[in-house]
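Asker: The chain contents come next:
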Amino acid sequence: GESVGLHLPTLSVQEGDNSIINCAYSNSASDYFIWYKQESGKGPQFIIDIRSNMDKRQGQRVTVLLNKTVKHLSLQIAATQPGDSAVYFCAEKAQGGSEKLVFGKGTKLTVNP
Amino acid sequence: NAGVTQTPKFRILKIGQSMTLQCTQDMNHNYMYWYRQDPGMGLKLIYYSVGAGITDKGEVPNGYNVSRSTTEDFPLRLELAAPSQTSVYFCASSGFSNQPQHFGDGTRLSIL
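Top line first, the protein sequences correspond to chains A and B.
Residue 863 in my numbering sits at position 78 of the first sequence, and the numbers go up by one each step.
Residue 619 in my numbering sits at position 71 of the second sequence, and the numbers go up by one each step.
Since the hints were made in silico from the structure, they are not lab data.
Please note: incorrect hints may appear among the correct ones.
As the list claims (entries may be wrong) - Derived lysine to any residue pairs resembling SDA-like cross-links, with alpha carbons at most 25 Å apart:
| hint | chain 1 | residue 1 | chain 2 | residue 2 |
| --- | --- | --- | --- | --- |
| 1 | A | Lys885 | B | Asn578 |
| 2 | A | Lys890 | B | Asp586 |
| 3 | A | Lys890 | A | Ala879 |
| 4 | B | Lys592 | A | Ala809 |
Note that the coordinates shown come from a computational prediction; the quantities given were computed from them, not determined experimentally.
Based on the provided sequences and hints, a complete structural model is requested.
Answerer: What follows is the structure, encoded as structure tokens:
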């Protein structure tokens, strides 16, 4: 069935290091994937998205990689800053009809100064 | 540009009471969504709307109702509040399908 999960619930990195947050999904029919950042007391904030016809997409300091063979999604944050500390969610949407965006449980990223 | 605005920010209800969570967006988005987020969990879709006059159930619709009379507004109604509905509720909107959803800052609801 549809499910999106994360390998690690928490991740702690040093300021300036690169961060990699992983996500596994199970629905091979999913064709749209999205990463959100959620700070305490706030709503999710869009970071980057990718469609299934792509393997990689880059934004400002962030890169999303999609491996459809093993149903794996990752978010890479370059030169991680204290302001990047938050919970990161991946989400997927299946192709055709339903607008349901399935969210994973989230990974809490802590950036140590 | 306000984006997605949710009111109230906090609310405490007694079991059996009813209330309406308000959501409005000023981006002229067609699609609007309601999610709930339980502690330590991701978001689960309650209801969504692809345009004024059209609503559809999401993953967890039981105990809730919605309406979409205008493009801007998408209120969520709880008719008989139950403790299981204690959660943080997020409203979101997007221009089209497969576009990023923009979220409000949530309504924190406790039912005692």
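Asker: Against the earlier hints, flag every one the structure doesn't satisfy and list their numbers going up.
Answerer: Going through the list in order, the structure violates no hint and respects every one.
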